[in-house]
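Student: Protein chains in written order, with the working numbering: chain A, 1 to 245; chain B, 1 to 402.
Among the hints, erroneous ones may be present.
If you anchor each label on the Cβ, the simulated ranges turn out as follows [what the hints assert, rightly or not]:
hint	chain 1	residue 1	chain 2	residue 2	range
1	A	S104	B	T2	50 to 58 Å
2	B	G47	A	D72	32 to 40 Å
3	A	L125	B	S3	23 to 31 Å
4	B	M6	A	H177	33 to 41 Å
5	B	A359	A	G100	35 to 43 Å
6	A	E193	B	E57	43 to 51 Å
7	A	H177	B	H252	21 to 29 Å
8	A	S175	B	G343	51 to 59 Å
9	B	A377	A	T2	34 to 42 Å
10	B	E57	A	P229	51 to 59 Å
Subject to a maximum C-alpha distance of 25 Å in a straight line, what follows is the list of computed DMTMM-like cross-link-like pairs (lysine to aspartate or glutamate) [to be verified]:
hint	chain 1	residue 1	chain 2	residue 2
11	B	K261	A	D72
12	B	K261	B	D235
13	B	K261	A	D176
For the record, the hints were derived by calculation from the structure and aren't laboratory data.
Remember, predicted model here, so these are calculated numbers, not experimental data.
Every residue gets a Cβ at the ideal spot worked out from N, C-alpha and C, and that includes glycine.
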Amino acid sequence: MTGVTLLGWAAWAPNLEDEAAWRAWCEAPAPIPSVGAPDVGFLPLMLRRRCDLLSRMMLEVTQRCVESTHVDRAKLASVFASRHGSFATAISLLEDVARGEATSPARFSHSVHNAQAGLFSIWALNRHASTALAAGPETFVAGFLESLAMLQREPLPVLFVVGDEAIPEAVRSISDHAPPPHALALLLADQGEGGRLNLRLDASGPSETRADTWPNALAFLRWWLSSEPRLELVHSPRRWIFERG
Amino acid sequence: MTSPFMACALREMGLICALGSSADQVWPRLVAGDTSGVTPRSDLVHGETRMFASVREPLPEIAGALARHACRNNQLTLAALAQIQTGVERAIHAHGATRIGVVMGSSTAGFSAAEDAFRARNQTGRFTPGFALVQLEFGGVAEFVADVTGARGPCYALSTACSAGAKALVSARALLQLGVCDAVIAGAADSLCGLTANGFRALSALSAGRSNPMSRNRDGIHLGEAAVVFLVTRDADGVQLLGAGESSDAHHMSAPDPDGKGAESAMRRALDAAGIAPRDIAYVNLHGTGTPQNDAAESLATARVVGAATPCSSTKPLVGHTLGASGALEAAFCWLLLSRRRGAMLTLPPHVFDGALDAALPPLALVREPMQVAAPAPAAVLSSSFGFGGNNCCLVLGEPRT
Numbered sequence: 001m002t003g004v005t006l007l008g009w010a011a012w013a014p015n016l017e018d019e020a021a022w023r024a025w026c027e028a029p030a031p032i033p034s035v036g037a038p039d040v041g042f043l044p045l046m047l048r049r050r051c052d053l054l055s056r057m058m059l060e061v062t063q064r065c066v067e068s069t070h071v072d073r074a075k076l077a078s079v080f081a082s083r084h085g086s087f088a089t090a091i092s093l094l095e096d097v098a099r100g101e102a103t104s105p106a107r108f109s110h111s112v113h114n115a116q117a118g119l120f121s122i123w124a125l126n127r128h129a130s131t132a133l134a135a136g137p138e139t140f141v142a143g144f145l146e147s148l149a150m151l152q153r154e155p156l157p158v159l160f161v162v163g164d165e166a167i168p169e170a171v172r173s174i175s176d177h178a179p180p181p182h183a184l185a186l187l188l189a190d191q192g193e194g195g196r197l198n199l200r201l202d203a204s205g206p207s208e209t210r211a212d213t214w215p216n217a218l219a220f221l222r223w224w225l226s227s228e229p230r231l232e233l234v235h236s237p238r239r240w241i242f243e244r245g
Numbered sequence: 001m002t003s004p005f006m007a008c009a010l011r012e013m014g015l016i017c018a019l020g021s022s023a024d025q026v027w028p029r030l031v032a033g034d035t036s037g038v039t040p041r042s043d044l045v046h047g048e049t050r051m052f053a054s055v056r057e058p059l060p061e062i063a064g065a066l067a068r069h070a071c072r073n074n075q076l077t078l079a080a081l082a083q084i085q086t087g088v089e090r091a092i093h094a095h096g097a098t099r100i101g102v103v104m105g106s107s108t109a110g111f112s113a114a115e116d117a118f119r120a121r122n123q124t125g126r127f128t129p130g131f132a133l134v135q136l137e138f139g140g141v142a143e144f145v146a147d148v149t150g151a152r153g154p155c156y157a158l159s160t161a162c163s164a165g166a167k168a169l170v171s172a173r174a175l176l177q178l179g180v181c182d183a184v185i186a187g188a189a190d191s192l193c194g195l196t197a198n199g200f201r202a203l204s205a206l207s208a209g210r211s212n213p214m215s216r217n218r219d220g221i222h223l224g225e226a227a228v229v230f231l232v233t234r235d236a237d238g239v240q241l242l243g244a245g246e247s248s249d250a251h252h253m254s255a256p257d258p259d260g261k262g263a264e265s266a267m268r269r270a271l272d273a274a275g276i277a278p279r280d281i282a283y284v285n286l287h288g289t290g291t292p293q294n295d296a297a298e299s300l301a302t303a304r305v306v307g308a309a310t311p312c313s314s315t316k317p318l319v320g321h322t323l324g325a326s327g328a329l330e331a332a333f334c335w336l337l338l339s340r341r342r343g344a345m346l347t348l349p350p351h352v353f354d355g356a357l358d359a360a361l362p363p364l365a366l367v368r369e370p371m372q373v374a375a376p377a378p379a380a381v382l383s384s385s386f387g388f389g390g391n392n393c394c395l396v397l398g399e400p401r402t
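Okay, chain A solo, but in the shape it has when bound (with noise of 0.2 Å):
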């Protein structure tokens, strides 16, 4: 696959709140807290009110992201990924129903996985292409892949924004996993001021797949920050090579 520029990266998760911040951490990462929200106070308050962990999460990487890269919002292609999306509303309107008790239209039609990427449109009077996408344990890669095969499609700079809240705690007992909640902002383009990177399939296949101790958003983020040429993300039966330039 052709390569890529990154425009601009922003990042997410409780404690973590500035690109310094996020230096730091990748120099010397220390476990993440399990709690707290961005305010997003940019937001108008309606769209604000109807803003869920994962929203806010997202809308904020979003806000700081096509800030710090002076892109016109209105004018990007956008891929949203995350595994189990908006998780704490879906899990509250399985309880509603497993209860047999009434569904809340407002949070119904803020459950479904595409939510952050209608609110991003809606905030943004964005009228491009959007998708939302999930893949497991291997989301990050399949959204910066979707990303690729959206830059391919459109004429745009792509926005691809990737994050998870912590798994609910009706659910924690069979998760084998325990994120952190966290979201990730790229911009990526054709060309521009950035640095190049590709991702490739790497046809040997894997050797073992790793317990990861970091999602992959936030490994791909210590390694871009890092001089490593290149990140190998393992998920059986396929390895993934990020490599730079």
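Mind docking chain B on chain A? Use the hints.
Tutor: Leaving out everything else, chain B in the frame of chain A:
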């Protein structure tokens, strides 16, 4: 780099919906406007009986190594996959498993299994045995397809509400053009569950009877369930995906832009990508949900793009609104009508409604009864899908342009 739209082939197709579980079963019932698959159920919306287009035949069981994926959504998917299994095996043999991708659309994943698990926990303190977190993940739908077929290329699920099934075909094509895959299994699956039934009830979006799109008496959707899979390849023969257009409304989370600007933009982009003039579209499969808002916005947009003479129908009165699966299911109906051409004629599925046209809507050439139209080869048709969040996707399917 943005590249000109490379057409691709929808090489094989498998489907299951309220009209049947094979192309041969579905096709005659589709063109006959058979609504017998739509029946009342009282087990989905709390305290109410509503109409649903359910799949009523027994579904294949999911057991053994795949047991963690056992849910109705994946059972439907398995029934559809069986219909293209030979083609998938041929593709894996020809290109190697790592060159075969999977892109599935869904908006319900294993929610019906999760509802059962939560009810069991409320009564006994424990989830149902075998309930797994993956059943709540949209990605699980794609992972299941990969596990069943042995495809080992890129694998993910799109979930953009009611446009997901159409967008899965768009992404599959893009993966071929990017060169990362030589074939992609793409489609969508959604199953009836309490969450969506009660959710649309809460939005006052469920019809009292069968949905009645484009009628002045229309009062909402009736839900359905379906799974559809295509084998998407670079072949120049077979039914082609000629163009696709995506847009966002930037308007409202659960209501379309009333002017239909977003819908219009998606249609025009699809036609532009295909290099086809609106007058050369032989048929439009409408999103046609039957809600007052969708039909008003969509008829404005459709009339602006293809005018009042192009035959149009919504097939949702027959199969229900299958949500994330609808874009793939309606592409499958377009695939069927293109691949079952009779000489110079295409047979079009009828728009089944009460006939009470809404004078407030711009006129469309609704296919009022089973109809054949003369369509010079290569014919092209348009299929529209518009989802929550103002997420729009239109596809142009056609006969090979050779």
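Student: Work down the list of hints and note, for each, if the structure agrees.
Tutor: Status of each hint after checking the structure:
At about 41 Å, the CB distance of S104/A to T2/B disagrees with the hint of 50 to 58 Å. Here the CB-CB span from G47/B to D72/A is close to 49 Å, at odds with the stated 32 to 40 Å. With their beta carbons about 28 Å apart, L125/A and S3/B fall inside the hinted range of 23 to 31 Å. A hinted range of 33 to 41 Å for the beta carbons of M6/B and H177/A is consistent with their spacing of about 37 Å.
Taking the beta carbon of each, A359/B and G100/A are about 42 Å apart, inside 35 to 43 Å as hinted. For E193/A and E57/B, the hinted distance range of 43 to 51 Å is not satisfied, since their beta carbons lie about 58 Å from each other. Hint check: H177/A to H252/B, Cβ distance near 34 Å, so the stated range 21 to 29 Å is violated. Taken as a hint, the range 51 to 59 Å holds for the pair S175/A and G343/B, whose Cβ atoms sit roughly 58 Å apart.
Distance hint for A377/B and T2/A: a CB-CB separation of about 36 Å, consistent with the stated range 34 to 42 Å. Between E57/B and P229/A the CB atoms are about 55 Å apart, so this pair conforms to the stated range of 51 to 59 Å. Taken as a hint, the K261/B and D72/A pair is honoured in the structure, with Cα atoms around 21 Å apart against an allowance of 25 Å. Of the pairs offered as hints, the one joining K261/B and D235/B is violated, with about 34 Å between alpha carbons and a cut-off of 25 Å exceeded.
For the suggested pair K261/B and D176/A, the alpha carbons sit about 44 Å apart, so the restraint of at most 25 Å is broken.
Hint compliance for this structure: hints 1, 2, 6, 7, 12, 13 are broken, all remaining hints hold.
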